[in-house]
Amino acid sequence: MLYMAILRSPYAHARIRRIDTSAALAAPGVKLVLTGEDLAKMNLAWMPTLNGDQQMVLAVDKVLFQYQEVAAVVAETRAQAEDALQLIEVDYEPLPVVVDPFKALEPDAPILREDREKKSNHIWHWESGDREETENVFRDAPVVVKQDVRFQRVHPSPLEPCGCVADYNTATGRLTFYVTSQAPHVHRTVIAMLSGIPEHQIRVISPDIGGGFGNKVGVYPGYVVAVAASLKLGVPVKWIETRTENIASTSFARDFHMTCEIAAREDGKVLGLRVKTIADHGAFDAAANPTKFPAGLFNIVTGSYDFKAAFVEVDAVYTNKAPGGVAYRCSFRVTEAAYLIERTMDVLAQRLKIDPAELRFRNFIRKDQFPYKSPTGWVYDSGDYEKTLKLALERIGYDELRKEQAEKRARGEFMGIGISTFTEIVGGGPKNTFDILGIKMFDSAEIRVHPTGKVIARLGVRHQGQGHETTFAQIIAEELGLSADDVLIEEGDTDTAPYGLGTYASRSTPTAGAAAALCARRIREKARKIAAHLLEVGEDDVVWDGTAFSAKGLPGKSVTMKDVAFAAYTDVPDGVEPGLEATYYYDPPNLTFPHGAYIAVVDIDKGTGAVKVRRFLAVDDCGNVINPMIVEGQVHGGLTEGFAIAFMQDIPYDSNGNCLAPNWMDYLVPTALDTPHWETDRTVTPSPHHPIGAKGVGESPNVGSPAAFVNAVVDALSPLGVEHIDMPLYPWKIWKILREHGINE
Amino acid sequence: MLKYGGEYTIKLPREEVWKFITDPNKVVPCIPDLIESSIEGDNRFQAIVKVGVGPVRGKFKLDCELSPIEQGTAMAMPIKGGGMGSGVEMNAQVKLSDTDDGTLLKWECEGAISGPIASLGGRLIDNQAKKIIQQVFENLEKAFASV
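Protein sequence lines, in the order shown, are assigned to chains A and B.
Numbering follows my numbering, in which position 553 of the first sequence is assigned residue number 553; successive positions increment by one, without gaps.
Numbering follows my numbering, in which position 45 of the second sequence is assigned residue number 790; successive positions increment by one, without gaps.
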């Protein structure tokens, strides 16, 4: 095996005048040096992004962001490859850098993308909702609040960076591609389209992955170059990112500059919502979104509230920053939307002097309004927001906490309570509206029941620690009347698993989970035929009680799924195909809409500005729960990431486009010591259209919690007149606010 | 953009200071942590220096030019180069004026750095730059003393 390392641009924007690779080629152990020009000869200089744009694989002519891929070295060892990188001479001519998306839109801004037909840094404009109706509502509204809210650039930062081994066998013409992929089948299709290797000659194996969170959905230049190198050399080529490469060059998340206005009555009843957003997409529009939704599902921004009218517009902009824009533990910009509405509802509450919990009760979509059609076009499947918030308020002891807060305020202390009652939107499908690179977002399951009643089930999704082996084994075992121990779950090998769209956007249980249940039911239908034969009755007289088949009116005579499985291979009735297996491709009729009520209680240290999260309660409603421990684990993980975003994470750039946090010294990941204790609870409102009523939960805590944290801190500082603070809530930021308001302790 | 500046009084007549600072043979030895240098013509030189900012350590190759703006009083000194995947561009300006007991040297320097040095060592650059500048002047002082 050979090892690859990538040379990256020190400049955020520069013309490449010359690349001299001769010294690198002569270095010890070096087998190959590739530049954009070499790739152009293989027709691999550019690749399509997830969002219909194109991205340079290795930069030709100019670089557009710092750490952009410029050249690659393949050598006998990783160290030799890294050393040889230093010998590549690149003559750069620095160009003016654009880091501020607002400045990028100004008429005299330098045009970054010379390869695009449109000579502007503006990528697209997208709107949703009814502009005219919303204007009317705003014109007549007695109260209007307006708030600018920034959701900073953050990074999924999985524990394990991206990496791959490309192994092209010149004898068989077959490429085996090991990769840490959240969507192995999609990666196979993309590699086939890019490389020209027929898809059936490509096997993508995505083994156990140390975290994804959206970071491993995209196709990165490193993968393409590794494939190109293996094609050229006919040996396996391994490329593993460094931490810096992962943070500085693979997909970031968020980076939305939002302005939110709510029109309301004096009593707090909301009427209209108006949102304007600038989305900083970096150098290439590589955001992960279904192509019909350029800004993803951001228009879920009306949240849990019954707005008469809403109008949302988003403009995407090119800047000299890393491209990407993945849905970091969220479904395509839902996090930004949930944060915005939950933050602005608190601004409204503060302005009208209404308790934020009370304001929410006055505005919730009521239980009897489901299915509910939102003013931006989504049909919410089910929910009971009132019940969830009530449970949360009771469990946390809301009234007592408010009393305590009043006492503390009287003593000049800063304690805050933050509420977030968010609605998530998950389960990517249905196929008519959801796709990745045009590939429709259904999902699949294939179940084989062996003669002894043991089951292998293969799914088109690919977990990164979500516990699919447990969840899907339970679903299938439940449907077939077997034990979960009898079911082996396999994912991540495109040679064996049915085509699927992968795991992200909390879609595994809503789509593949449904496919697994329906596939198992298909098997049960066939099993019924065999059971009828074994029971010597007509098929219509066979009853399934969840564990066994029996003959109607003949108690005591029954056959289990294991009996049927054995018969399927040994004693098949005439006219029935032997064997017991099925495949199911599930296209969901709608998305699912989990929701939650989160409450954070914080104390602020006046001397240092440090925020202590004293309590945090998450009450989630993700429909029917398959495995409570898995759900609990997902909630803990998501809350920890939400906490990190609220308090410590940001990827800033200086005016030269230098990425200032490309490592875990500057981009902080919370340790066990930083992380608060999480309290959780649950309500259950099943999804009416999902075969087992489940909704998906993995992202909810990351979507819902940042607003709870920020609302709590702003609530604590509200006696000073503070209405909003942008994340991350660094202690120095709070400290400055305290000092500006004359708190000097 | 990094910006530094300062002034310094030298107890030598302006002409002598001018002669000194426009002569690569005199200036080059004042560069701190110099590994290698080559003087190309009357006013250009290349220098390889040792750099260490936080976790990033290695060599920088710099191209410098001493280019008079106004004979005897003002000189520009563009510096360009890089190493270890990082780039540096600086524009230094030196102005000389007469004082009672010698020459006042005023200098300004504007620079941009890019690459890992900027992103990994970002927080440490300011102190590092000040240290280097201080060293340059200490070296200059010694050199002037021997003029």
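Just so you know, the hints here were simulated from the structure itself, not pulled from any lab data.
Don't take each hint at face value.
Using 30 angstroms as the maximum straight-line C-alpha spacing, the simulated DSS-like pairs for lysine-lysine come out as follows [as the list claims (entries may be wrong)]:
id : chain 1 : residue 1 : chain 2 : residue 2
1  : B       : K756      : B       : K876
2  : B       : K875      : B       : K840
3  : A       : K103      : B       : K806
4  : A       : K373      : A       : K440
5  : B       : K748      : A       : K736
6  : B       : K840      : B       : K771
7  : B       : K825      : A       : K103
8  : A       : K733      : B       : K748
9  : A       : K612      : A       : K390
10 : A       : K367      : A       : K103
11 : B       : K748      : B       : K887
12 : B       : K764      : B       : K876
13 : A       : K103      : A       : K41
14 : B       : K851      : B       : K825
15 : B       : K748      : B       : K764
16 : A       : K276      : A       : K431
17 : B       : K875      : B       : K825
18 : A       : K733      : B       : K887
19 : A       : K736      : B       : K771
20 : A       : K390      : A       : K367
21 : A       : K31       : B       : K887
22 : B       : K804      : A       : K238
23 : A       : K31       : B       : K771
Far from chain A, by Cβ distances over 12 angstroms, these chain B residues were calculated [what the hints assert, rightly or not]:
id : residue
24 : E815
25 : E853
26 : C854
27 : S859
28 : E886
Computed, partial: chain B to chain A, Cβ under 7 angstroms [claimed, not checked]:
id : residue
29 : G830
30 : S831
31 : G832
32 : A857
33 : A863
34 : S864
35 : G866
36 : G867
Just so you know, even glycine gets a beta-carbon here, dropped at the ideal spot from N, CA and C.
Hints, verified against the model:
Taken as a hint, the B:K756 and B:K876 pair is honoured in the structure, with Cα atoms around 24 angstroms apart against an allowance of 30 angstroms. In summary, the hint linking B:K875 to B:K840 is supported, as the alpha carbons are separated by about 20 angstroms, within the 30 angstroms threshold. Restraint check for A:K103 and B:K806: not satisfied, since their Cα atoms lie roughly 34 angstroms apart, outside the 30 angstroms limit. A hinted pair counts as satisfied when its Cα atoms are at most 30 angstroms apart, and A:K373 with A:K440 qualifies at roughly 24 angstroms.
For the proposed pair B:K748 and A:K736, the alpha carbon gap of about 26 angstroms is at most 30 angstroms, so the pair holds. The suggested pairing of B:K840 with B:K771 holds, with an alpha-carbon distance near 18 angstroms, which does not exceed 30 angstroms. With a CA separation close to 28 angstroms, the supplied pair B:K825 and A:K103 stays within the 30 angstroms bound. A distance of roughly 26 angstroms separates the Cα atoms of A:K733 and B:K748; the hinted pair therefore holds under the 30 angstroms criterion.
About 25 angstroms separates the Cα atoms of A:K612 and A:K390, which keeps this hinted pair within 30 angstroms; it holds. Restraint check for A:K367 and A:K103: not satisfied, since their Cα atoms lie roughly 45 angstroms apart, outside the 30 angstroms limit. A distance of roughly 25 angstroms separates the Cα atoms of B:K748 and B:K887; the hinted pair therefore holds under the 30 angstroms criterion. Distance restraint check for B:K764 and B:K876: the Cα-Cα separation of roughly 26 angstroms lies within the 30 angstroms cut-off, and the hinted pair is therefore satisfied.
For the suggested pair A:K103 and A:K41, the alpha carbons sit about 37 angstroms apart, so the restraint of at most 30 angstroms is broken. For the hint linking B:K851 to B:K825, the alpha-carbon distance of about 21 angstroms falls within 30 angstroms, and the restraint holds. For the suggested pair B:K748 and B:K764, the alpha carbons sit about 26 angstroms apart, so the restraint of at most 30 angstroms is met. Taking the CA atoms of A:K276 and A:K431, the gap is about 28 angstroms. The hint holds against a cut of 30 angstroms.
With a C-alpha separation of about 19 angstroms, the suggested pairing of B:K875 with B:K825 holds against the 30 angstroms cut-off. A threshold of 30 angstroms between alpha carbons decides the hint, and for A:K733 with B:K887 the separation of about 45 angstroms lies outside it, so the pair is violated. Note on A:K736 and B:K771: the hinted pairing is violated, with a Cα-Cα distance of about 49 angstroms set against a maximum of 30 angstroms. Proximity of A:K390 to A:K367 is assessed by CA-CA distance (about 14 angstroms); at most 30 angstroms being required, the pair is judged to hold.
Note on A:K31 and B:K887: the hinted pairing is violated, with a Cα-Cα distance of about 50 angstroms set against a maximum of 30 angstroms. In summary, the hint linking B:K804 to A:K238 is supported, as the alpha carbons are separated by about 29 angstroms, within the 30 angstroms threshold. A hinted pair counts as satisfied when its Cα atoms are at most 30 angstroms apart, and A:K31 with B:K771 does not qualify at roughly 45 angstroms. No beta-carbon of chain A comes within 12 angstroms of the beta-carbon of B:E815; the shortest separation is about 28 angstroms.
At the 12 angstroms boundary, the C-beta of B:E853 stays outside the reach of chain A, the nearest C-beta of that chain being 19 angstroms off. No Cβ of chain A comes within 12 angstroms of the Cβ of B:C854; the nearest lies about 16 angstroms off, and the non-interface call holds. Chain A draws B:S859 into its interface by the beta-carbon criterion, the shortest separation being 4 angstroms against a cut-off of 12 angstroms. For B:E886, the non-interface assignment is confirmed: its Cβ lies about 33 angstroms from the closest Cβ of chain A, beyond the 12 angstroms cut-off.
For B:G830, the interface hint holds, since its Cβ comes within 7 angstroms of a Cβ in chain A; the closest pair sits about 6 angstroms apart. With its C-beta approaching chain A no nearer than about 5 angstroms, B:S831 sits inside the 7 angstroms limit, and its interface hint holds. Among the interface hints, the one on B:G832 holds; its C-beta lies about 5 angstroms from the nearest C-beta in chain A, closer than the 7 angstroms criterion. With a cut of 7 angstroms, the hint placing B:A857 at the interface with chain A holds, because the nearest CB-to-CB distance is about 5 angstroms.
Contact between B:A863 and chain A, as hinted, is supported at the beta carbon level, the nearest pair being about 4 angstroms apart and thus within 7 angstroms. A least Cβ separation of about 5 angstroms between B:S864 and chain A falls short of the 7 angstroms threshold, and the interface hint therefore holds. Because the smallest distance between the Cβ of B:G866 and any Cβ of chain A comes to about 10 angstroms, over 7 angstroms, the interface hint for this residue is violated. With a least beta-carbon distance of about 5 angstroms to chain A, the hint placing B:G867 at the interface is held under the 7 angstroms criterion.
In the structure shown, a violation is registered for the earlier hints numbered 3, 10, 13, 18, 19, 21, 23, 27, 35, in ascending order.
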